[in-house]
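Protein chains in written order, with our numbering: chain E, 308 to 430; chain L, 308 to 430; chain H, 308 to 430; chain U, 308 to 430; chain Y, 308 to 430; chain A, 308 to 430.
Calculated from the structure, these hints are not laboratory results. All of these numbers come straight from a predicted model, not from anything done at the bench. Here a beta-carbon is modelled for each residue, glycine too, at the ideal position from N, C-alpha and C. One thing to keep in mind: the hints can contain errors.
Said to hold, decoys possible - With the Cβ distance kept under 7 angstroms, some of the chain U side facing chain A (calculated, not the full set):
| id | residue |
| --- | --- |
| 1 | 357 |
| 2 | 362 |
| 3 | 400 |
Said to hold, decoys possible - If you anchor each label on the Cβ, the simulated ranges turn out as follows:
| id | chain 1 | residue 1 | chain 2 | residue 2 | range |
| --- | --- | --- | --- | --- | --- |
| 4 | H | 311 | Y | 359 | 27 to 37 angstroms |
| 5 | H | 311 | E | 308 | 50 to 60 angstroms |
| 6 | L | 354 | Y | 308 | 56 to 66 angstroms |
Number of protein chains: 6
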Amino acid sequence: MTRYERGLEKLNEIDGQAGTNVVESLKDIAPDFAEYLIEFPFGDIYSRPGLDVRSREVATIAALTAMGTATPQLKVHIAAGLNVGLSKEEIVEIIMQMAVYAGFPAALNGLFAAREVFEAEEA
Amino acid sequence: MTRYERGLEKLNEIDGQAGTNVVESLKDIAPDFAEYLIEFPFGDIYSRPGLDVRSREVATIAALTAMGTATPQLKVHIAAGLNVGLSKEEIVEIIMQMAVYAGFPAALNGLFAAREVFEAEEA
Amino acid sequence: MTRYERGLEKLNEIDGQAGTNVVESLKDIAPDFAEYLIEFPFGDIYSRPGLDVRSREVATIAALTAMGTATPQLKVHIAAGLNVGLSKEEIVEIIMQMAVYAGFPAALNGLFAAREVFEAEEA
Amino acid sequence: MTRYERGLEKLNEIDGQAGTNVVESLKDIAPDFAEYLIEFPFGDIYSRPGLDVRSREVATIAALTAMGTATPQLKVHIAAGLNVGLSKEEIVEIIMQMAVYAGFPAALNGLFAAREVFEAEEA
Amino acid sequence: MTRYERGLEKLNEIDGQAGTNVVESLKDIAPDFAEYLIEFPFGDIYSRPGLDVRSREVATIAALTAMGTATPQLKVHIAAGLNVGLSKEEIVEIIMQMAVYAGFPAALNGLFAAREVFEAEEA
Amino acid sequence: MTRYERGLEKLNEIDGQAGTNVVESLKDIAPDFAEYLIEFPFGDIYSRPGLDVRSREVATIAALTAMGTATPQLKVHIAAGLNVGLSKEEIVEIIMQMAVYAGFPAALNGLFAAREVFEAEEA
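With the rest of the complex left out, here is chain E (with noise of 0.2 angstroms):
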């Protein structure tokens, strides 16, 4: 298996139709990118073993809300956190954790982030 298979694989796995958007939505101006992007974040890190999945998610969750710079992203894997097995209220704890670290901001706009989350996947 190729790094892009595992890659697309793991990016299916996770993301769901979400990863499948993000890489179509790359098509028109920038396709390598949309390679990149199955290769080294999902073929090559997620891959590993050394950490399990749902793991993973908690650390970008945390990692995303603290930034506060990537909105679009962040909605991605808090949709993907629950595709792994995070319950809501795990997510929701994880960001509020993020408080502590960097600023009641950036909690706010990740809980804001996670509403609109599980709201779409209800509807």
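Knowing the structure of chain E, use the given hints to seat chains L, H, U, Y and A on it.
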């Protein structure tokens, strides 16, 4: 049990001596801030039942690595991660994954911080 | 008076309706976070006697402008600044000054946020 | 030629209509800031002989993509890049490269900004 | 009075020896940047009448603490805050407040910077 | 030629000894990360034909200066800039320009990093 007592217990459980050192170091400049640090992050947030403490440390290590502005605190939480049952391998995986979300320099600087903590643990 | 009561009083004094709106908006996704928001920032920090509330809003408007990741919260605090006695001119000065420390885009985006708040106040 | 005149000339050369729009948009909220924006960035910095204007736009597009807090200004400078002779392909390369230094979300959001600017240019 | 002269006067008034040191330190690497530093931040911004210099230092200390990427400059402005009449207590309050907006690590690192400056003042 | 081989060649061309040092320093803590560092940034991105390597270093120096969280990596790329043909004057211009986009402290800290690299080159 007051928030302060609950927080102090949690701080000791998670951060051990490093937590006590931070609190001590605040005594002359901002003693009230030492109290807030015990009460809100540890008495309120880390004491919540909705997320296991291992996942809380995954989140914190990820966020502090990604932010790149809090090396002393990252080191405290790498040690805390070991305290609550994360393996060195898992901590390295979390930090490497941050290359995807915050860039290679953030991951590199996180890995160098981890090496320092691991070496100090072994000494 | 509990921390919660003191915080709620302070939140109403400073943020007025905008504060209540944020608290309301958290009710369905993270009601405990609404409590923390009232208790720690407003019940603990803003209630401290060592710095006047006008200077506290100068600090918050400056920080949120410089960070550039918290536009909704910046707008709440621009309105709060007016509530606690800062003039529009003073708020514009604070934001312009951030060009020096965080760059022209941070200041520009802060000024556009201020214009929105000023226009809403006049409507 | 005053700093203001030199800056205005440079702003028109580099940013074209988008620059004028930013200056206009400041007139009601902070007219002096429009002057500073013309004088320091364009009258002082971009007018310096030590670096060609094409390289200056490479630097600005890279920095604004990496920072991730200045999307409106990034779009202005993607258009400016085209004005001073960068090809669309080169701009896409600069933005993709930022995945290495600031993470994939920063690069993705930069690419989506570029697509918007490129589409507007073609319309 | 030229912008340069006005800026130099303001820099001396606010930053004292620390300001002169920064300007000196730029002489061999980027002498023109020393001029810009005197002219734009101090000759243009800090010289404006619309906000008192005490409030300007509140804003700067808050922003630099929150950003977490400018420790040397934060120290200069903590000393400047003392120069323009802020008490140590007020400076500590500003920095502690940043825990709310930028997280506890930003506030902690700011407090440790303040302690260094206060100790140097006393020595 | 594999991605690894192509990346190693590129790393040596651009970063010289400093690149080898970073790779070496990862051997004990995260050897796989050294591979990724060679493969993705250098084997994939820097090897792409769409942008000359000189412009790539302009972009990287600008971004790392603006971010302000990656001083060790900024120094490596200032040296890399000299390796690929940027003059000291051009590097100073790139860094000074960042005052406009990320503030004066980011530019100052970048200039001090450049001075260190220039002095080491001369030694």
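Query raised in the report: Checking against the hints above, which ones are violated?
Result: none
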